[in-house]
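From just these sequences and the hints, can you work out the full model?
Going down the list, the sequences are from chains A and B. So my numbering is basically just the index in the first sequence, starting at one, shifted up by 3. So my numbering is basically just the index in the second sequence, starting at one, shifted up by 122.
Read the hints as simulated data drawn from the structure, not as lab findings. No experiment lies behind these values; they were computed from the predicted model shown. Quick reminder that beta carbons are idealized off the backbone N, C-alpha and C, glycines included. Just to be clear, a hint being listed does not mean it is correct.
Said to hold, decoys possible - In silico DMTMM-like links for lysine to aspartate or glutamate, alpha-carbon gap of 20 Å or less:
1) A:LYS16 / B:ASP214
2) A:LYS21 / B:ASP162
3) A:LYS167 / A:ASP147
Unchecked claim - With the Cβ distance kept under 10 Å, some of the chain A side facing chain B (calculated, not the full set):
4) ARG30
5) ASP256
6) GLY259
7) GLN691
8) MET725
Here is what each chain is made of, one letter per residue.
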Amino acid sequence: MTTAAEPSLEVGKGRLRKEDARLITGRTRWTDNISLPGMLHMAMLRSPMAHARITNIDTSEARQMPGVLAVVTGADLADSQGSLPCAWPITEDMKSPDAPSMAVNQVNFAGEVVAAVVARSAAEAHDALEGIDVDYDELPVVLDMAEAIADGADLVHPDLGTNKSATWVFDSAEAGTGGNVDEAIASAEVTVERTFRQQRLIPAFMEPRSVVVDPTGEQVTMWSATQVPHILRLMLAMTLGVPEHKVRVIAPDVGGGFGGKLQVTPEEVITFLLAQQLGRPVKYTESRSESLSSAHHGRDQLQKLTIAAQRDGTVTGLKVELLADMGAYLRLVTPGVPILGAFMYNAIYKIPAYHFSCTNVFTTKTPTDAYRGAGRPEATFAIERMMDELAAELGMEPLELREKNWIKHEEFPYTTVSTLTYDSGNYEAATAKAKELFDYDGLRREQAERRQRGDTVQLGIGISTFTEMCGLAPSRVLGSLSYGAGGWEHGAIRMLPTGKVEVITGSSAHGQGHETAWSQIVADRLGVPFEDIEVLHGDTQSSPRGLDTYGSRSLTVGAMAVLAAADKVIEKAKPIAAHMMECSPDDLEFSGGKFTVRGTDTSTGITDIALAVFAAHDLPDGVEPSLDADATFDPENFSFPHGTHLCAAEVDTETGQVRLRSYVCVDDVGKVVNPLIVEGQVHGGLVQGIAQALFEEAVYDESGTLMTGTLADYLVPSAADMPSFTTDRTETPSTTNALGVKGVGEAGTIASTPAVVNAIVDAIRHFGVNDVEMPCTPMRVWQAIQGGAQSAAGPGSESGGGVGSLDTQGGAR
Amino acid sequence: MRITVTVDGTTYTDEVEPRLLLVQYLRERLGKVGTVVGCDTSNCGACTVHLDGHSVKSCSVLAVQADGCEVTTIEGLARDGQLHPVQRAFHDNHALQCGFCTPGMIMQSIDLLAENSDPDEQAVREGIEGNLCRCTGYQNIVRAVRDAAHEMRPGAGPEAERMNEDVIRGAQAGVHRS
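Written out as structure tokens, the structure reads:
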């Protein structure tokens, strides 16, 4: 049988991507590129109010406008639209409001859809929006989480009686995995308490969402710019009551997601309903401003942490109390996002007592949901900031404090206080390598020199020694967390008569390079050329089962299913090979694409067997004429990539300007299938994490209007805003999957944010600063320097700092 | 209004509404869907094409303004089945992931190289700062552009892009020039 010891030809090679050929020549199939005979276009009218009752909608003028076929309001769809799904009821008593795709009586965030026009052209549909007149009765907005849960607060959903959706608690004493955290705090020699704000972010994938629905076939076909075609199909069936087998969903080329396209959207549901109603294909493509204001946002938590330690630096307890902003509704996995972080606050450290509680809060803002890392960046940020704060409190070198508390490489597998079992890791090795590449000691010397001579530009060094849980997820774990589905993935192999191979995967790539990586993996396992493999994905007709792509799960779960299917193909081919070579199957070994009779040079290639099976003229009795196989893989554990990120930041103390001078990261993602793709994932992840630290924030004004509703205001960094990074790796294979791989999609984002903020705080700590709220704009950094100490509240609502847009206060501060 | 525009070597004459954007004309009227729309404030650069050899954000140009002009899109770069050196460099350097920003990024990079045939890292970063990418972190894009610069000496530019008759005839005849 094939084993991992077999010489590996493709895995590990920096293969250039198969996907590129079409993408660099413009031969793309973005959803918005699709044009069908008779296709109509839809435009949405959205609420400018954050919280209001709809008292009247007059559509009469719009209906008369040229080219308009239909104008619908929430009242028209009330009976058919159902409620958008939330698949993650985190507690039994979780409060969840009805979530109509189109608002019926009340709007609960600015950007919510209140009406739609279907017309011959997109321009005519947009023109007709002007002809719709909506009367609103304003309701009080609910914007601040702390105020929202205070007694007597205005309510987002009065019928729920509260703005609290749910409170989820983990306590190590109750779970029997550790001590009582309050006792640890009470008896601690040192405690440090901090409150951090995880600002609201927007995924800001480059391809705006688009959906086309064709109702003219026997199956209704939906093309959508989604990460989750399989989940979408299931949820359309469950939400709208359409028979599942009558729906086909296709995710064609999808231009990025980062969690932002892990959703069942109002726009998808409305387009589906209108196409069905009109009996003609309908397309809806959002504008960028619609995307920024109404596609789900991410993060938005208030994190209160208390860490307890002995004077020698031994951490004795950690208490985490969160408020998490749900926005106005619970979308697909909204309530579960902060809970994913619950298992990661203890991070790489041996913490004997741990308590986590999170209260999910409704506000009149855009719903939040998954954004790259989903819960884990928040956790990593908080604990890595706390380790620096504790080190400062103790007067310890921050890396030494970490080393004192982290899990040593010989202690794996290690079961943490939050119940996860880390299979492998080597924090010492990654840190040593990173320190060397960074010239840690040299930069520390320079920092001391600059401080001594009172340089106006101060140097700070930020550390982030992170781990994350990825490869979502063992189905039993998801079950224990009340998630609405499993965490398996499906894969299949079709052996074509000419020796070519089709690989079918339930993973749904949107930039990750699965076509390339899966080809490498299958090429090695089946011994067929890389070029002879075609990877099919993203269409419920060709890849019938799947749970799609998010949570760095594709390689560690999806590719394992493909690998298992390949093994089944080999098993199926074996008796046929034996029959063809007139030997016993037990005498065969499979290597390099060939079955060889042990001890001889007689062999038959698997592609020859594929042709023989196609002909089926002479097969052993009882053997079906097919080598095709499929498999469903359910992981036994998460995978736990880790790494050490070091950031050197120069802070101009006169202007507050931050310049990233160098950034080194050494990531351990286990075995690497394609180093080129891994490096690319790390680069992109780093920039998203750094952007949280320095630039990005979704800012609302006091009336609940998003002020960062364009890419001029929401500061997605450009090339000129970023440095080059030094990336390297250590390789500690995961022991929980056949390839020894770990996920890499989220690592850079998770690790980099605290590295940057730690560097900034480190640069100006001697001014009495112990925190700078994100994004660390020049203004905030400067004010922290001026004001010393806790800058936390600071000026909070200015939009990033890019073009200086509007001032929410309406003038000079 | 009636306009005549040459796009990727083919001349089109059309009646268009005055408000029609060049990118809408390219996508909706000519089927040149390789050029995409990423925003509505001309910040993202995904729609970048060349107008008479120089890069423009085609969401910021009216179709009528392109009357009498020559437009090159990502779909018109490859010649005789040969990728443009910048296209090849993007592939070789893994300078794209989802690929949505890629057409605009490539068109802008070519324009940058026409102005500066040997840009250093900072010059590349500043030269493409009007084009946003959310996937790559830009590092490999910068590497690709500099790589292409070395491949392309003495440089790209309006001249290198002009569809002269020889080229068009060659392309139609399927002739592969070295």
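Checklist entry - Can you name, in rising order, the numbers of the hints this structure does not satisfy? => result Hint 2 alone not satisfied by this model.
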